[in-house]
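Enquirer: Going down the list, the protein sequences come from chains V and G.
Letter 34 of the first sequence, counting from 1, is numbered 34 in my numbering, and no numbers are missing.
Letter 145 of the second sequence, counting from 1, is numbered 145 in my numbering, and no numbers are missing.
The hints are simulated quantities; they were obtained by calculation from the structure and are not laboratory data.
A quick note: this is a predicted structure, and the numbers were derived from the prediction, not measured.
A couple of the hints might just be wrong.
In the DSSO-like style, the derived pairs of lysine-lysine whose C-alpha atoms are separated by at most 27 angstroms in a straight line are [what the hints assert, rightly or not]:
hint: 1; chain 1: V; residue 1: 138; chain 2: V; residue 2: 167
hint: 2; chain 1: V; residue 1: 167; chain 2: G; residue 2: 203
hint: 3; chain 1: G; residue 1: 156; chain 2: V; residue 2: 59
Partial list, computed: chain G residues near chain V (C-beta under 10 angstroms) [stated by the list, open to error]:
hint: 4; residue: 20
hint: 5; residue: 24
hint: 6; residue: 51
hint: 7; residue: 188
hint: 8; residue: 193
hint: 9; residue: 194
hint: 10; residue: 197
hint: 11; residue: 201
Each residue gets a CB set at the ideal place from its N, CA and C atoms; glycine is no exception.
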Amino acid sequence: MAGDGPLLRVNNIEVIYDHVILVLKGVSLEVARGGIVALLGGNGAGKSTTLKAISNLLKAERGQVTKGTVEFEGERLDRLMPHQVVRRGVIQVMEGRHCFEHLTVEDNLLTGAFARRAGRTSVGEDLDRVYHYFPSLKRRRRSLAGYISGGEQQMVAIGRALMSRPKLMLLDEPSMGLAPQLVEEIFAIVDRLNAEQGVSVLLAEQNTNLALRHARYGYILENGRIVLDGPAQALRENADVKEFYLGLAGERRLSYREGKHYKRRKRWLA
Amino acid sequence: MHFLYTVLIDPFVQIAGDPRFFVEVLTGGLLTGVMYSLVALGFVIIYKASRVFNFAQGTMVLFAALMLVGQMEMGAPAWLALGTTCGVMVGLAFAVERLVLRPMVNQSEIILFMATLGISFFLEGLGQLMWGGDVHTLELGIPSGPLTLGGILVNKLDLVGAAVAGLLVTALALFFRWTSVGRVLRAVADDHQAALSVGVPLKVVWVIVWTMAGLVALVAGIMWGSSLGVQFSLSLVALKALPVLILGGFTSVPGAIVGGLIVGATEKVGEVFWGPALGGAVENWFAYLLALIFLLFRPQGLFGERIIERV
Ligand SMILES: Nc1ncnc2c1ncn2[C@@H]1O[C@H](COP(=O)(O)OP(=O)(O)OP(=O)(O)O)[C@@H](O)[C@H]1O
Ligand SMILES: [Mg+2]
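Bound-form chain V, shown alone (with noise of 0.2 angstroms):
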């Protein structure tokens, strides 16, 4: 039933691209409505493939979803098209921003509301609640996207998202490649987004620190499995986290060998 239970549930999905490579390994993951949740790793951990599958953007890549299934509010998502899971509420923002580059800002946000097949009343409405978290966008409306700053592409993959009216946003690695005063501003946007129109965020983030400030719950993951997690205060505070994360090594710094040992330690964990 959609009124108890987690809005997502991600349950022990196993990803295999080009029909060889293994890169999830059982994930499971759960995001409760009106929730941000983390989802952190390093390069190649697997962040954005949990994200594809969950958005189903999977396909167009040749990855697919051999074990486990995607759940939103109780409906599984899995078996449906890309434009199927935007319907439903699902909305994935890409890693590296992917503006349409030729279209204007506008134009990029209008996109956004044609898998609803609004009217134009609503669209507009829509159209004008994006300016409203975005008011620079709203400056830039006549631009082209390929020629603005990088912090407003992100702003217009986000912007572009929320015409359509999603209920969850995937968010992958917003923070790329920005000058930290705009990762501010912009996750302090996603907050409001949060709170006042209750999206809720799945944020894939190399940026431990800073995702662990924003989001309430956070999982980690290494080489395609979870291999912590636990809300967001816990995690800051855990030592691992902090030395292996957060770049907060005491006094010492860890040797590869420790390293390596920890890295055991932690797949028992999980």
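Since chain V is already given, all that's left is putting chain G with the ligands on it; use the hints.
Expert: Chain G with the ligands only, in chain V's frame:
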């Protein structure tokens, strides 16, 4: 020495001697070029949105013209035949999506290209099966015959063709610019993955672009068929669209138009003024030579995709 003279000097002497004749030849060439443009346009519409190189575009021109003329020969009035043919082209778009593109989703471009080769043979066979292999005359009451415009002789049919092509291109440009479907098609052309991610249903996009290409093919078929008769060589003439695309760029609507005009004009001028020196039949190969030169010096074509680089 004499050869050099006939190639490098003599044609220009002729042109200077009778400029009005040159303009006539040029106009004729441009108007033929419009036909090439129409076929190329069909390619561009599909290629832009799906990166599928539709080898069957030429056959679709033939097929549409055959459907039309076949029904009219059976006594159907023109409006009815036109209506059914439009319906058939839409049906074809649905069939191609369902039977060919959907099962082949995520295959490489070359495999999709091969699939369109299959579609091409299928349509050619089907057309022949239904309407036979003879030459059919298409008589839609489009005015034809010579006309003198400011002292220059042109064919009325060619003028109508140019007008129709102009209208079609304007309509397409407005559609792409101002409708929400047009906007989505531009988005898909720009970033296929991003379009998927915002919930653009790809199968809808495919049906739309194949329908558009089918209708453009019908228009091209009517114009070509009215001047040459509906026959199987029509799909061969359509092969000229390839050099047109190389000139204009595979993803550019204006490119398809300008490319078609250039090919049409240069090959005709080449044929008339350089043909005697080069042993004739310049029209048959000139477009390909031009394309080859473009491939060497400007492979993206005249209007190839503008690549945005921010600094
Ligand atoms: N289309 C693909 N085909 C084959 N392998 C892939 C594909 N996409 C990703 N992979 C592999 O899957 C693994 C996980 O990749 P993924 O992009 O999910 O990592 P990530 O955690 O998002 O990393 P990053 O922080 O660098 O974005 C990597 O080893 C990558 O090489
Ligand atoms: Mg990633």
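Enquirer: Need the list of violated hint numbers for this structure, in ascending order.
Expert: Numbers 3, 4, 5 and 6, in rising order.
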